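*Asks:* Read off the chains here:
2 protein chains.
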Amino acid sequence: MKYFIAAGLSMFASAILADPLPSWSETDTKQAIINFVERVTDPTSPDYVTAEDRVAVFDNDGTLWSEQPVYFQLAYALYSLEKKAASDPSILTSDTLRAAASGDVETVIESGSEGLLEVIAVSHSGMTVNNFQDDVVNWLENARHSTTGKRYTDMVYQPMQELLRYLRDEDFQTYIVSGGGVDFMRAFSKEAYNIPNQQVIGSTGPAEYSDGEIIKLAGDVFINDKEGKPLGISSRIGKRPIFASGNSDGDFAMLEYTTAGPGPSFGMLLHHTDGEREFAYDREGHIGVLNKGLDESGERGWVIIDMASDWKQVWP
Amino acid sequence: MKYFIAAGLSMFASAILADPLPSWSETDTKQAIINFVERVTDPTSPDYVTAEDRVAVFDNDGTLWSEQPVYFQLAYALYSLEKKAASDPSILTSDTLRAAASGDVETVIESGSEGLLEVIAVSHSGMTVNNFQDDVVNWLENARHSTTGKRYTDMVYQPMQELLRYLRDEDFQTYIVSGGGVDFMRAFSKEAYNIPNQQVIGSTGPAEYSDGEIIKLAGDVFINDKEGKPLGISSRIGKRPIFASGNSDGDFAMLEYTTAGPGPSFGMLLHHTDGEREFAYDREGHIGVLNKGLDESGERGWVIIDMASDWKQVWP
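From first to last, the protein sequence lines stand for chains A and B.
Reading the first sequence from the start, the letters are residues 1 to 316 in our numbering.
Reading the second sequence from the start, the letters are residues 1 to 316 in our numbering.
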């Protein structure tokens, strides 16, 4: 009996192992990922890396889920600000905040990172982390994307879900390392990506501890983007990753840091080339700009995912 | 053949399970720990907690290793400062720094937390994290404790090593949550406690990213002590722990946060009662002061470890 169960399990395992990345087209990109994973997990390989050091880091916006026409967290911030302002209009102390509370997202984006941070600060403060996350979960359940009409959590990339699972099956630890707010992302990272809170690294605002609870405050934020990504990785993980995946120049330093180590490493950028199925953008705009990454990926040996040709499917 | 191996493994497992905490005396303290662990790991118990949420947090200085007559990190800082000042005396810009570089530890301690931070800032900056940790490892190998003559890493508590292992065997994630510097602790936490870098949370100074490396800078430090501990736990782990262990009033907020949750939780303080084998101290002094914890542990249901009577052995 045991023999038959074992044989059955083994056949089942082989069926899965046959193609860990079914939504990826049979291109060089897919082969490069699989080659790298096999190289670092094969104990007889000179590039073998022990499971404990198989740290893989992923940007979130534009890498694990979509980010157009605006970061999804900004859509939440506008919703939240409007709700807060309805009961206390005095919180709208600037033109940017007034624009945000009226849903004028263009004005907020044009106000640049300073305006964005102001909107985040006011909309994301003054409540406990738990209450904040309950509100995010509720919003994610009810809100719909402006052009696709989908739930935001239905705009996660199917091929990246498979990649996360494949890496974990090969004993990698998969981390999110994103400019998004850490408390915001933790409201859905477990359900959306099977990534637990302790493997989510993001931007962090000030907070205070009071009587058993953590209260979110407005104020200076540690921005986990650009050079902040290697700093966030160093302070939180304390190890140089061996696998890094991003999509914009905000991920450049993270890929550089990852691939600067003495051992084997893998850097990968998602190029949004698919205006039919998703959004086509790269060198211009306000969100997800990718210049340096495209210019230097060749000499640095980083892999570029061409969404249009490398992915059979985009969203689940 | 397989049967015999399985039977052998099973007997081996039983032998270990018979007493997971052999260096702990058969007292109420030991029984309280075991009762709690059994309660939250038994799937039929109403207090069952899934493995993913079995987060256990431990202070380091005075909880996992000794901290008298001065924090061991301060001994390293004095050593490092003296070495740096030998090649560049101009770094000694204050009386506290000059005292530190000449080994006058009393003056440094009397200068309070401001002086301590100044000594740490100057001695722990201006190099990469990797180079800093290499220097710490080298120091730990060669330095000896002023009164015991032991290596500092030989002054870890044997009973706490057993507790960490026991909790991990029961699928807890064991974290260090300490006021010590995160880069300092990561230089030895894996070897000393089998705790990997990503589960070490500590005070963090500023840093900059440059060309693939992380450089430690002098400047404002996030102090992962007192109310900073729940904040560090929230931002890094993002979950309320269910088990917290400390030894001073610097751990009070961490225990309060841990035991404020709606589910089962365990708070424990090590009372340094053993002047014969270790150091006896509690309500007075500069290091490891414990007042509020002793006063309120009863009403809060926290367990007090009486080192003299609860531990058969202190160091390995």
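By construction, these hints were calculated from the structure, which means they are not laboratory data.
Mixed in with the good hints there might be a few duds.
The list makes no distinction among identical chains, and a pair is therefore deemed to hold if it is satisfied within one copy or across any two copies.
Said to hold, decoys possible - Think about it this way: if two alpha-carbon atoms lie no more than 20 Å apart in a straight line, the pair counts; the simulated SDA-like pairs of lysine to any residue are:
no.	residue 1	residue 2
1	226	212
2	292	249
3	83	28
4	150	279
5	190	173
6	150	274
7	150	102
8	239	313
9	239	173
10	239	198
Values in this document were obtained by computation on a predicted structure and should not be read as measured data.
*Asks:* All the hints need checking, so say for each whether the structure fits it.
*Replies:* Each hint tested on the structure:
1. Taking identical chains as interchangeable, the C-alpha atoms of residue 226 and residue 212 lie at most 20 Å apart only when they sit on different chains, with a minimum of 13 Å there against 34 Å within one chain.
2. Proximity of residue 292 to residue 249 under the C-alpha cut-off of 20 Å is restricted to the intra-copy arrangement: shortest distance 6 Å within a copy versus 50 Å between copies.
3. With identical chains, the CA atoms of residue 83 and residue 28 are never at most 20 Å apart, being 48 Å at best within one copy and 52 Å at best between copies.
4. Within a single copy, residue 150 and residue 279 get their C-alpha atoms as close as 14 Å, which meets the 20 Å cut-off; across copies the closest is 63 Å, which misses it.
5. Taking the shortest Cα distances, residue 190 and residue 173 sit within 20 Å of each other both inside one copy (14 Å) and across copies (17 Å).
6. Taking the shortest alpha-carbon separations for residue 150 and residue 274, only the intra-copy value of 18 Å comes in at or below 20 Å, while the best inter-copy value is 64 Å.
7. Taking identical chains as interchangeable, the C-alpha atoms of residue 150 and residue 102 are never at most 20 Å apart, the minima being 22 Å within one chain and 66 Å between chains.
8. With identical chains, the CA atoms of residue 239 and residue 313 are never at most 20 Å apart, being 33 Å at best within one copy and 34 Å at best between copies.
9. Taking the closest pair of Cα atoms, residue 239 and residue 173 come within 20 Å of each other both inside a single copy (12 Å) and across two copies (18 Å).
10. Taking the closest pair of Cα atoms, residue 239 and residue 198 come within 20 Å of each other both inside a single copy (15 Å) and across two copies (8 Å).
In the structure shown, a violation is registered for the earlier hints numbered 3, 7 and 8, in ascending order.
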